[in-house]
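Can you make the complete structure from the sequences, with help from the hints?
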Amino acid sequence: MKKGLKKEQSTTTASSKESILSSANTLRWEIGEHVHDSLIESIYADANQIASRAVTLPAGKPRFDFDKKLDTLITSRWFGFPLMFLLLAFVFWLTVEGANIPSALIASLLVDTIHPWLRSVFVLIGSPWWLTGVLVDGVWLAMAWVISVMLPPMAIFFPLFTLLEDFGYLPRGAFNMDSLFRRAGAHGKQSLSMTMGFGCNAAGVVATRIIDSPRERLIAIITNNFSLCNGRWPTQILIASIFFGTLAPPALAGFITAGAVVGVATLGIFFTLVVSWGLSRTLLKGEASSFSLELPPYRPPQLWQTLYTSLIDRTAIVLWRAIVFAAPAGAVIWLVSNIHIGTMSIAEHFINLSNPFGILLGLNGVIIIAYIIAIPANEIVIPTVLMMTVLSTKLSGIGSGAGVMFELNEATAVADVLRAGGWTMLTGLNLMLFSLLHNPCSTTIYTIYKETKSVKWTALATIIPTIMGIVICFLVAQIYRLLFV
Amino acid sequence: MIDPGKALILFGITAAVLTVLFIPKYGLFAQWKRARHGMNRALVEDALKHIYDYEYKNINCTTESIAGVLLISTDESAELLTRLSAMGLLITNDNGVKLTADGNSYALRIIRVHRLWERYLADETSVPPTEWHSSAELAEHTLSPAETETLAAQIGNPNFDPHGDPIPTPTGEMPPRKGHSLLSLKSGEFAIITHIEDEPEAVFAQLIAQGLYVGMQVRMIDRSNERVRFAADGEEIVLAPLLTNNLTVAPITEEEQRITAPLDSLASLKIGEEAHVLSISKAMRGQQRRRLMDLGVVPGTTIRAEMKSASGDPTAYAIRGATVALRRQHAAMIFIRK
Amino acid sequence: MQNHHKFTEGEEINSMSQTPNENCDDCPVHNLGNLTKLGINMSQFDFVVALAGNPNTGKSTVFNALTGLRQHTGNWPGKTVTRAEGGFVYGNKRFKLVDLPGTYSLLSTSTDEEVARDFILFGQPDVTVIVVDATRLERNLNLVLQVLEITDRAVVCLNLMDEAQRHNIKVDTRRLAKDLGVPVVAAAARQEEGIPELLKNVYDVASGAYLCRPHRLERTAPRLEKAISVLSGKIKKEFPLLPNTRWIALRLLDGDQKIIDAVKSGELGNLSAKSAAIRAARETTK
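Chains as they are written, first to last, in the numbering used here: chain A, 1 to 485; chain B, 1 to 338; chain C, 1 to 286.
One or more of the hints may lead you astray.
[What the hints assert, rightly or not] Estimated spans, in silico, between C-beta atoms of each pair:
hint	chain 1	residue 1	chain 2	residue 2	range
1	A	Val471	C	Ala221	56 to 62 Å
2	A	Pro102	B	Glu131	23 to 29 Å
3	B	Val238	C	Ala221	33 to 39 Å
4	A	Ile346	B	Ile23	39 to 45 Å
5	A	Val455	B	Ala15	23 to 29 Å
6	B	Asp264	A	Pro58	44 to 50 Å
7	C	Glu218	B	Val238	43 to 49 Å
[To be verified] In silico lysine-lysine, DSBU-like type, Cα no more than 30 Å apart, as pairs:
hint	chain 1	residue 1	chain 2	residue 2
8	B	Lys98	B	Lys57
9	C	Lys236	A	Lys285
10	A	Lys456	B	Lys33
11	B	Lys25	A	Lys285
12	C	Lys234	A	Lys69
13	A	Lys450	C	Lys258
14	A	Lys285	A	Lys456
15	C	Lys258	C	Lys236
16	C	Lys258	C	Lys234
[Unchecked claim] Covered, in the sense of this in silico footprint (three residues per stretch, anywhere, with C-beta under 8 Å from a C-beta of chain B), are these stretches of chain A:
hint	stretch
17	26 to 38
18	171 to 184
19	326 to 332
Keep in mind that the hints were calculated from the coordinates and are not lab data.
All of these numbers come straight from a predicted model, not from anything done at the bench.
Ideal Cβ placement from N, Cα and C applies to all residues, glycine included.
Shown next as structure tokens:
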């Protein structure tokens, strides 16, 4: 049938087509530029007529009473924000507390049980030592760490977030937060993608799809990395407890530690707003901007559907990407620690080389190399730092050899290793700052590219936080040394 | 280890140098970009545009006027004119200069790019109105014809720029000039602003600051040699006569006169109150305007203010059965009758 | 919920010789037992069905109910960013279902809207299902009326009827169907209510058993009226089979580049020929 149709079309001549277009052009001069406006007007005139004939609205109150009361409470001047903070605090508490036990379980299964077993299997089948090293000590351990740190909090955080979303609370949250983000040249919905970023930046970047204005969406994407993701929380908590918690009497240690971590996270929100403000006035001035926010009616969330979709859509996909990126990083970590040039491994050469730069920033060579190798996943930064510190300071009796990442169960044991590696209070502080302000992990970078389809914006999202991290660590280091040394 | 004091000083110096180099508008980099704009092609094109503009307005164009507009000496200006006529773009006669057909179409092409670019900035970006013109001055010399047509297609082939000037078609057609100065209105007469001249920039900025926009309804109240008093969207505005030269208006029929008293805007609606939409200000443009209309905000729509956000802005409105949040700045551009 | 029976009583379809459930062996019996969900396996299909709708109307739920896939659903615009596709078999015919991005309109210049508009206009789906929020009908009709300007084969799925009931809102689907000129099915997709009726109506429209007479905009601003009639006259002369010349004229007057290109390349003629042929084929089968 389709073939026969082609012929009819050829009877149309080029000149008559042109005449349609040129007369359209002439007519456009006469009617001015209100076509779109009048079109929508007449559509809505018809829509109104049709709807009024078909719909019988309930007599009296136009909106459901319960919804209205809930709205009044949620957007109330006095209760709106406290309610939101309580809700968020509850979600975070549940995530952190709930993730502890499964995280430990998964770690003990993957690292303490399967890892030695895998190793013995590889030895049994006679695989060469280097292959065992790359695959079992490198790739397997990196994956094991990413899974055990990342999976439990995400599996709790994302479903909770999705439930709030399906219920209809999140749009109200954006509604309340909008005026703060408006002043930063951004969209209120950015508060949601930002919050999502506390779970995972890659998921936060995907969540910016809810922002339909190009400029505000780009701002939200580029600044999402300033939300401290759950791959960085453990680092923050560990370092804060070692270097800040110990400053106070033991009874207050937990409080000080939590305060320091929340302080860094708040600093992240501050940078989100400042950088959004700067971007909207400079680089992103040329992007279209608009604001609309529909507040959907409240709906009872569908528990199972939500669990399923948030596990499949968000957790599994993000986890899969992280594993894909973390595996090669594990191999690289093992290789640079075990390939020797002269008497030292590549890693040690690099540590010595970058040490002066690290010191200038109040960090050290080990941290620099750890952040370069651990671009794929923030989760493996601390294990890498520990292993490399032991490697470069030739400590004995700790860890399981070159290239084998490890963690220590006691914070005091970690502290001993780090202090042996020459860490001071400044190193701890700056590591916390640098952990907040550095390039996004490669999963996030890849996601940013997929969402923006632009090398330029991806590069910008990578470079801005890195430069900020370097500059701020540098300044903090110099001022600290001026004041305290 | 480097002494922290020295390191900080070094950092300060580096930061200062980078600022001087790259700060927007005033930095050396920005100046270099502007300076490059003043080169050959730009000069030729600006001259053509100027001559065309004067012909369109029936003003005689001279070497001096060109020198004045392009900020070059009269000698350079004369040299430029010689070059243009050698290129076959214009002919010189006793009264001044006149464009040839080639010159005419060249000038229209430049104007097309300029006005399209201004329209693009107005509709699709968040660049402020005072920067439209200067940005278009750069773009008109850099966009290729193909890029121009892609841009036009992308923004829906507009035929007026944001100042109300018609945009020439790719083939160089342009309708004759319509409308007259605001000063020609008698007291009590209604008209609609059809054009706001964007040069000189200072005057344009002042008019924009008064909230004037193309498509706004005005009514002359009275005028004297010192000042002109008129109502714009119902609100009284007083301007020096000199400034009103930059405003062109066209008369409107009686039935189109919708505004007689000062208009209420949606932003003034209190929670729980209901109103009908009269119109959306023409100052709301591009994506924002389309999105708003898609959501059902059109003349005649009933809107009720539902609730304020916990921070006071935005406000949620019931619009055609849905609840939609609008920022105060946008609500202020929607006119209503309570 | 047997709304489709009501349409068969409507005057515009009195010409139909048979109501589907009597004397029709291979007509799909009106239950879900006849639905085979195909997931994303749809190598061959007889009909293409496009799924359009405002954001937040349960469009994805309808999609999932029909295909057995689990598209992410959510309260947000722009959730379905990539075009999702799935398939199902109903009444011995294989249907490909294309989930378009949720949009408020088809006239603005956002990517989402362009994707949706281009698919309905140039993709020529056999049926376009428009999912509508029953509690916000008037706002949703904006999109419905725009879709009906473009295509004349559509089914309106009046979703979230359970919500409407909770809010005490009553919708006269029969009246609505008469005014819109296309089938209207009341549904609550989350409970799978109304899905059988939806399938049946999609089948009827796709196979030509039901002939739509879609509502077209008549009243436009007087300023535009002259320009529209001049232009649509010219278009009609050039593309005599085109069903929606006034709409095309309006789009040209608005400077819509895709339509301009379609006129230039003659693609418009192609489209008009196809839709006319389908109409002719359907009229002869009856």
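Hint check:
Checked against the hint of 56 to 62 Å, the C-beta distance between A/Val471 and C/Ala221 comes to roughly 57 Å, which is consistent with it. At roughly 55 Å, the beta-carbon separation of A/Pro102 and B/Glu131 lies outside the given 23 to 29 Å, and the hint is violated. For the hinted restraint 33 to 39 Å between B/Val238 and C/Ala221, the CB-CB distance of approximately 34 Å keeps it satisfied. Distance hint check for A/Ile346 and B/Ile23: the Cβ-Cβ separation is about 42 Å, which falls inside the suggested range of 39 to 45 Å.
Separated by about 27 Å at the C-beta atoms, A/Val455 and B/Ala15 satisfy the suggested range of 23 to 29 Å. As the Cβ distance of B/Asp264 to A/Pro58 is approximately 30 Å, the hint placing it in 44 to 50 Å is violated. C/Glu218 and B/Val238 have their C-beta atoms about 46 Å apart, which keeps the hinted 43 to 49 Å range intact. Taking the CA atoms of B/Lys98 and B/Lys57, the gap is about 13 Å. The hint holds against a cut of 30 Å.
Restraint check for C/Lys236 and A/Lys285: the C-alpha separation of about 44 Å exceeds 30 Å, so the hint is violated. Of the pairs offered as hints, the one joining A/Lys456 and B/Lys33 holds, with about 21 Å between alpha carbons and a cut-off of 30 Å not exceeded. Among the hinted pairs, B/Lys25 with A/Lys285 is consistent with the structure: their alpha-carbon atoms are about 14 Å apart, no more than 30 Å. As the CA atoms of C/Lys234 and A/Lys69 are separated by approximately 57 Å, the hinted pair breaks the 30 Å bound.
Restraint check for A/Lys450 and C/Lys258: satisfied, since their Cα atoms lie roughly 26 Å apart, inside the 30 Å limit. For the suggested pair A/Lys285 and A/Lys456, the alpha carbons sit about 15 Å apart, so the restraint of at most 30 Å is met. At most 30 Å may separate the alpha-carbon atoms for a hinted pair to count; C/Lys258 and C/Lys236 meet this at roughly 19 Å. About 19 Å separates the Cα atoms of C/Lys258 and C/Lys234, which keeps this hinted pair within 30 Å; it holds.
With 6 residues having a Cβ less than 8 Å from any Cβ of chain B, the stretch 26 to 38 of chain A passes the three-residue criterion, so the hint holds. For the stretch 171 to 184 of chain A, the assignment as covered by chain B holds, since 7 residues bring a beta-carbon within under 8 Å of that chain's beta-carbons and 3 suffice. With 0 residues having a Cβ less than 8 Å from any Cβ of chain B, the stretch 326 to 332 of chain A misses the three-residue criterion, and the hint is violated.
Hint compliance for this structure: hints 2, 6, 9, 12 and 19 are broken, all remaining hints hold.
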